[in-house]
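I would like the entire structure built from these sequences, with the hints used as guidance.
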Amino acid sequence: MKESERKFIQAADHKTGYYRAGSGNPLVLLHGSGPGVSGWTNWGGLIDELSADYDVIVPDIAGFGFTEFKEGTQYDIKFWTNHLVKFLDAIGVDKVSLVGNSFGGAVGIGLALFNPERLDKLVLLGTPAGTFEQTKGLAGAWLYEPSIENMRSLMELFPYNKSLITDELVQSRYEASARPGAQGALRKLLPKPAEEGVTMVKAFPVKAIQHITAPTLVLHGREDHVVPLQCGYTLVENIPGADLFVFGQCGHWVQTEQREKFLACIRNFVSK
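For the sequence shown, my numbering begins at -17 and goes up steadily by one.
Just so you know, these hints were derived from the structure itself, not from any lab. Fair warning: there could be bad hints in the mix.
To be verified - Keeping only pairs whose Cα atoms sit at most 20 Å apart, straight-line, the calculated SDA-like set for lysine to any residue is:
| id | residue 1 | residue 2 |
| --- | --- | --- |
| 1 | LYS60 | GLY112 |
| 2 | LYS174 | SER135 |
| 3 | LYS77 | ASN64 |
| 4 | LYS103 | THR195 |
| 5 | LYS77 | ARG249 |
| 6 | LYS68 | PRO98 |
| 7 | LYS77 | LEU95 |
| 8 | LYS170 | PHE48 |
| 9 | LYS(-16) | GLY27 |
| 10 | LYS(-16) | THR148 |
| 11 | LYS60 | ARG100 |
| 12 | LYS(-16) | THR238 |
| 13 | LYS174 | TRP124 |
| 14 | LYS184 | HIS207 |
| 15 | LYS118 | LEU139 |
| 16 | LYS52 | ASP(-5) |
| 17 | LYS(-11) | ARG161 |
| 18 | LYS170 | TRP124 |
| 19 | LYS254 | SER33 |
| 20 | LYS184 | TYR57 |
| 21 | LYS(-3) | LYS52 |
| 22 | LYS68 | ALA(-6) |
| 23 | LYS174 | TYR57 |
| 24 | LYS103 | LYS254 |
| 25 | LYS144 | TYR156 |
| 26 | LYS60 | ARG169 |
| 27 | LYS68 | PHE48 |
| 28 | LYS(-11) | ASP37 |
| 29 | LYS60 | THR195 |
Bear in mind the structure is a predicted one, so any value in this text is a computation, not a measurement.
Shown next, in the form of structure tokens:
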């Protein structure tokens, strides 16, 4: 599949960009946050391979990628979850398994809690949970101002293996980050870094995630300096049906940095 094969559909009054390929059980892949993020930048390199086994659906979350951002809209987890449900309605899909990367995992948790009947299995990839100290990666995402140089510097905080930061990736994310409203949408999601001292990030509270009933697989990079490994432990310790797999020599991009192990985990968990 090529990036130019992006489709659009109306969902929750937002023109929504997405990719769809393959057949079989529906598998939704949700991207993370960060300047210039989109479904394609997170998942484009895996769509073809996963579509051999699943009906792969990759939307851009409202306000990110190539889905609309609307001034005056109250973007929060309930809105993003509702947008996902309305998107699934629009494309005619009832129940899905979902792989959520970082912020996309938070939207997946929202689906698990608010619309559990729409969810089969849940995979949480580098997903924030509980309360934790804001990392350099999250602070840098809030402070980012669009430029090629700033994008490259920010991207260097994400993977363990810096060779994954290609000129093509930097250019693609920069172009998406420069869209009107894109950085504003991101700043609504993240706390503003304090000028002095520690900034705390509040994600889904422990009491909430204890109510997730879907079978859940938690995947996390050991060297993740964007969403700390602490969050992976918080998830697996509090979701009743959760397992945790920690990838060594791996930062925040598990699906790229540990591609083959990631694919094996997904196929084993979703298909059994």
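Results of checking the hints against the structure:
1. LYS60 - GLY112: 17 Å, holds
2. LYS174 - SER135: Measuring from Cα to Cα gives roughly 19 Å; hence the hint holds.
3. LYS77 - ASN64: 14 Å, holds
4. LYS103 - THR195: 9 Å, holds
5. LYS77 - ARG249: Answer holds: LYS77 to ARG249 is near 18 Å, not above 20 Å.
6. LYS68 - PRO98: 14 Å, holds
7. LYS77 - LEU95: With a Cα-Cα distance of about 14 Å, the restraint between LYS77 and LEU95 holds, given a limit of 20 Å.
8. LYS170 - PHE48: OK: LYS170 and PHE48 at ~17 Å, within 20 Å.
9. LYS(-16) - GLY27: 9 Å, holds
10. LYS(-16) - THR148: Given that 20 Å is the threshold and the Cα spacing comes to 17 Å, the pair holds.
11. LYS60 - ARG100: Judged against 20 Å, a Cα distance of about 15 Å means the pair holds.
12. LYS(-16) - THR238: 17 Å, holds
13. LYS174 - TRP124: 7 Å, holds
14. LYS184 - HIS207: 17 Å, holds
15. LYS118 - LEU139: OK: LYS118 and LEU139 at ~7 Å, within 20 Å.
16. LYS52 - ASP(-5): 10 Å, holds
17. LYS(-11) - ARG161: 18 Å, holds
18. LYS170 - TRP124: This hinted pair holds, its Cα atoms lying about 9 Å apart.
19. LYS254 - SER33: 17 Å, holds
20. LYS184 - TYR57: 16 Å, holds
21. LYS(-3) - LYS52: Roughly 10 Å between the alpha carbons, so the hint for LYS(-3) and LYS52 holds.
22. LYS68 - ALA(-6): 6 Å, holds
23. LYS174 - TYR57: Between LYS174 and TYR57 the Cα gap is close to 16 Å, so the pair holds against 20 Å.
24. LYS103 - LYS254: Given pair LYS103, LYS254 holds - Cα atoms ~10 Å apart, limit 20 Å.
25. LYS144 - TYR156: 17 Å, holds
26. LYS60 - ARG169: Within the cut-off at roughly 17 Å; holds.
27. LYS68 - PHE48: Measuring from Cα to Cα gives roughly 17 Å; hence the hint holds.
28. LYS(-11) - ASP37: Satisfied, since the Cα-Cα distance of roughly 15 Å is no more than 20 Å.
29. LYS60 - THR195: Satisfied, since the Cα-Cα distance of roughly 18 Å is no more than 20 Å.
Checked against the numbered hints given earlier, the structure satisfies every one of them.
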